[in-house]
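Asks: Here's the letter readout for the chains.
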Amino acid sequence: MAESGQQVACAMQTFERLHPTEFQRRFLAQNTRHDGREFMQFRPVQVVKGAISTAQGSATVRVGNTTVVCGIKAEVCEPDVKRPTEGYLATNVELSPMCSAQFRAGAPSEEAQVASEHVHRLAGQMFDLTSLCIESGRAVWSLAADIVCIKHDGGILDAAVVALVAALEDLRLPKAELDLGTGMVSADRTMATHVGVGKRLFPATFALVDDAYVVADADDSEERMATASLLVVHDDRGRLVNVWKRGGGMLSSETIARCVQRARERMTEIAQTL
Amino acid sequence: MGRPDKREPGQIRALHCALGQLNRADGSAQFSAGNTSALCGVYGPVDVKVYDEKLDRALVEVKFRPDIGVSATKDRWVESAVRSTFEREVLAHLHPRTLVQINIQLREGDGSVDATVINATTLALVDAGIPLKSMIAAASCVVLADDTTAVDPTQEEVDAARSTHTFAFSSSSSTRPQSGPVYVDSRGDFTMDEYNRCHDLCAMAAERVLAFMRTVVEGKVTKEALISTA
Chain Z
1 MAESGQQVAC AMQTFERLHP TEFQRRFLAQ NTRHDGREFM QFRPVQVVKG
51 AISTAQGSAT VRVGNTTVVC GIKAEVCEPD VKRPTEGYLA TNVELSPMCS
101 AQFRAGAPSE EAQVASEHVH RLAGQMFDLT SLCIESGRAV WSLAADIVCI
151 KHDGGILDAA VVALVAALED LRLPKAELDL GTGMVSADRT MATHVGVGKR
201 LFPATFALVD DAYVVADADD SEERMATASL LVVHDDRGRL VNVWKRGGGM
251 LSSETIARCV QRARERMTEI AQTL
Chain R
1 MGRPDKREPG QIRALHCALG QLNRADGSAQ FSAGNTSALC GVYGPVDVKV
51 YDEKLDRALV EVKFRPDIGV SATKDRWVES AVRSTFEREV LAHLHPRTLV
101 QINIQLREGD GSVDATVINA TTLALVDAGI PLKSMIAAAS CVVLADDTTA
151 VDPTQEEVDA ARSTHTFAFS SSSSTRPQSG PVYVDSRGDF TMDEYNRCHD
201 LCAMAAERVL AFMRTVVEGK VTKEALISTA
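Going line by line, the protein sequences match chains Z and R.
All letters in the first sequence, in the order written, are residues 1 to 274 by UniProt numbering.
All letters in the second sequence, in the order written, are residues 1 to 230 by UniProt numbering.
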């Protein structure tokens, strides 16, 4: 009995390898997904703040099997002449060959660059850069948020945004003062304070798989056959921050409205773990 | 409070389009909405690098160059947006193992850049004779601080806006209204009601853009018919 069960499992793995699309279709046609989730069910989120002691703020986020680490490093620099009271927040999403076989070493892939840019645009909407001011026109904090993917199993933007929010909440900046005489900035590490995030962001991704099924939080194998993807980001007041639909697959306006509704429910799930 | 350029809230800027200005490209279009202007050149179907070759369809590649400065990460974002919009609109299976290269040069960006880039791409693809499933027209809209909406915003309005919305619709969706937008990018601080309002406004604006595109293509066809009979 045990042997035949093993054979079935083995045959299933072979089938998945040889016909990945057909493998997924068999599940979707039965109103279920290959990992047992329902169509509109998200994967559980785990957030660990402050995992990296050498960074000023850090967080590790797991969404199902997808794992990302975000570390924020702070440096002092001169502000932009046009914006004397604003600091800088640079975000970078790294998708290395370590996280998935689909990425190659070397220059960042297009997916990584698009993710970096999108996270950067979202960060600009949630974080108040004037909170990084040390001395107007003279010195500000420049934050570099590096988001490194450890394991890529779909929903990378969701994980990256949650990681950035968590790392910013964890961020403690030393008390810095500008000595007007010497022009040097001295920082006191013992007097580190939280900066505080302007508003928390809660992302949720949906995918149209095989032009027929709308699924929440698609994993890597589902993303590969997705013809459209929809990212919905809410803030902590329940207002929308971003709706981003890509891909040629058709999502009707009702479907988009349903996804936005579901994303609101996802908000509470993420808020509990943060 | 009126708009800086005295337009009605639902009024788009004057559209202008010139097809085939680049004589070395297979097809090209310069599309302008007011001051915002993009030039798009299409090569295809052409040879593809063996590494990128798709056995069953053509590869669609997009290159975007900004009006000022060198190409950077934010331009990869635009490229990805355009590619994801057109990848399945091009009937790529008709030209397996080839490449369709879309090159876009922004000439001037004065608001609604993403929409103008998408519109220029549609017309360049049509001019190049690349088989398409349908034509795609895009439009932008902003919600201002006083809750009023303005279609086809200038950069000044985008900077003052609480949220910015860009929608692209395919010409086949006017016959199937339930099919929804092809591309959506809404960002800022907004509610679902505002989103729906902007969706409807952009759908109407895109309809007008599409009508303009039809006259442009009709003009091209008539001109070509005249040349071939002469």
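It is worth saying that the hints were derived from the structure and are not from the lab.
Heads up, some of the hints might be wrong.
As the list claims (entries may be wrong) - The calculated DSBU-like cross-link candidates involving lysine-lysine, where the alpha carbons are at most 30 angstroms apart (straight line), are:
id: 1; chain 1: R; residue 1: Lys54; chain 2: Z; residue 2: Lys151
id: 2; chain 1: R; residue 1: Lys74; chain 2: R; residue 2: Lys54
id: 3; chain 1: R; residue 1: Lys54; chain 2: Z; residue 2: Lys199
id: 4; chain 1: Z; residue 1: Lys73; chain 2: Z; residue 2: Lys151
id: 5; chain 1: Z; residue 1: Lys73; chain 2: R; residue 2: Lys54
id: 6; chain 1: Z; residue 1: Lys199; chain 2: Z; residue 2: Lys73
id: 7; chain 1: R; residue 1: Lys133; chain 2: Z; residue 2: Lys82
id: 8; chain 1: Z; residue 1: Lys151; chain 2: R; residue 2: Lys74
id: 9; chain 1: R; residue 1: Lys220; chain 2: R; residue 2: Lys133
Asks: Confirm or reject each hint.
Replies: Hints, one by one, checked against the model:
| no. | hint | result |
| --- | --- | --- |
| 1 | R:Lys54 / Z:Lys151 | holds, 27 angstroms |
| 2 | R:Lys74 / R:Lys54 | holds, 27 angstroms |
| 3 | R:Lys54 / Z:Lys199 | violated, 44 angstroms |
| 4 | Z:Lys73 / Z:Lys151 | holds, 22 angstroms |
| 5 | Z:Lys73 / R:Lys54 | violated, 42 angstroms |
| 6 | Z:Lys199 / Z:Lys73 | holds, 20 angstroms |
| 7 | R:Lys133 / Z:Lys82 | violated, 47 angstroms |
| 8 | Z:Lys151 / R:Lys74 | holds, 25 angstroms |
| 9 | R:Lys220 / R:Lys133 | holds, 19 angstroms |
In summary, the numbered hints that this structure violates are 3, 5 and 7.
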